[in-house]
Amino acid sequence: SPLFQSDGGQNLCSLALSCSQLRKDPLPSLSLLSNLTLLHFTRAYNGEQLAFLTGWFPKLKILFLRDLPNLNELEIQQGAMAGLERLSLVNLNSMAEVPLGIEFLVSLQYLVFHEITSDFLTLLRQCSAIRGKQWHHALRL
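Letter by letter, the sequence shown follows residues 37 to 177 of this note's numbering.
Hints in this document: simulated from the structure, not taken from any laboratory.
Beta carbons are placed, not taken as given, at the ideal position from N, Cα and C, and that holds for glycine.
Don't take every hint at face value.
Pair by pair, the computed Cβ-Cβ distance ranges are [stated by the list, open to error]:
| id | residue 1 | residue 2 | range |
| --- | --- | --- | --- |
| 1 | F100 | L157 | 29 to 39 Å |
| 2 | S70 | T153 | 15 to 25 Å |
| 3 | Q113 | K169 | 14 to 24 Å |
| 4 | A174 | S70 | 12 to 22 Å |
| 5 | P94 | V126 | 36 to 46 Å |
| 6 | L177 | N71 | 17 to 27 Å |
| 7 | N106 | L159 | 11 to 21 Å |
| 8 | N71 | Q162 | 12 to 22 Å |
| 9 | Q57 | S164 | 14 to 24 Å |
| 10 | A132 | A174 | 28 to 38 Å |
| 11 | W171 | G119 | 27 to 37 Å |
| 12 | N127 | L74 | 17 to 27 Å |
Subject to a maximum C-alpha distance of 30 Å in a straight line, what follows is the list of computed BS3-like cross-link-like pairs (lysine-lysine) [what the hints assert, rightly or not]:
| id | residue 1 | residue 2 |
| --- | --- | --- |
| 13 | K169 | K95 |
| 14 | K60 | K95 |
| 15 | K97 | K169 |
| 16 | K97 | K60 |
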């Protein structure tokens with residue numbers, strides 16, 4: 037789509053994808069949108085893995101991932117989303133481990149895990165990567 041051409045998305049600051057049920061990882065395309073400050077995924081992706089690579093989304097402040105039923109691995113490389121302040125992960129049923137590289141988000145002020153299992157909460161409590169960060173949780177009902 038023309039939105040993702042190298043010049044088309046330079047001014048786009050906020051993007052929400054809902055119910056698009058993408059099968060292919062959209063992040064490599066979206067990473068061209070270097071001015072994004074907010075990225076919001078709800079039921080937007082059916083795949084199992086998402087990786088945020090070094091240098092991607094340098095201005096992103098808020099990342100919201102919700103209702104991604106197959107996502108079991110979320111990786112954040114050092115230098116990705118370097119300015120991220122808020123990360124919300126909601127109802128990610130298949131997540132079996134704390135996102136890899138979450139400790140690299142040095143600007144993070146607010147970290148939310150909602151609708152998680154008690155097993156996942158145990159993982160969070162044992163996770164050294166988020167120790168010292170302010171995080172909130174809500175168990176799945």
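How the hints compare with the structure:
no.	hint	verdict
1	F100 / L157: 29 to 39 Å	20 Å, violated
2	S70 / T153: 15 to 25 Å	36 Å, violated
3	Q113 / K169: 14 to 24 Å	18 Å, holds
4	A174 / S70: 12 to 22 Å	33 Å, violated
5	P94 / V126: 36 to 46 Å	24 Å, violated
6	L177 / N71: 17 to 27 Å	38 Å, violated
7	N106 / L159: 11 to 21 Å	19 Å, holds
8	N71 / Q162: 12 to 22 Å	37 Å, violated
9	Q57 / S164: 14 to 24 Å	35 Å, violated
10	A132 / A174: 28 to 38 Å	18 Å, violated
11	W171 / G119: 27 to 37 Å	18 Å, violated
12	N127 / L74: 17 to 27 Å	19 Å, holds
13	K169 / K95	20 Å, holds
14	K60 / K95	24 Å, holds
15	K97 / K169	16 Å, holds
16	K97 / K60	24 Å, holds
Of the numbered hints listed earlier, those contradicted by the structure are 1, 2, 4, 5, 6, 8, 9, 10 and 11.
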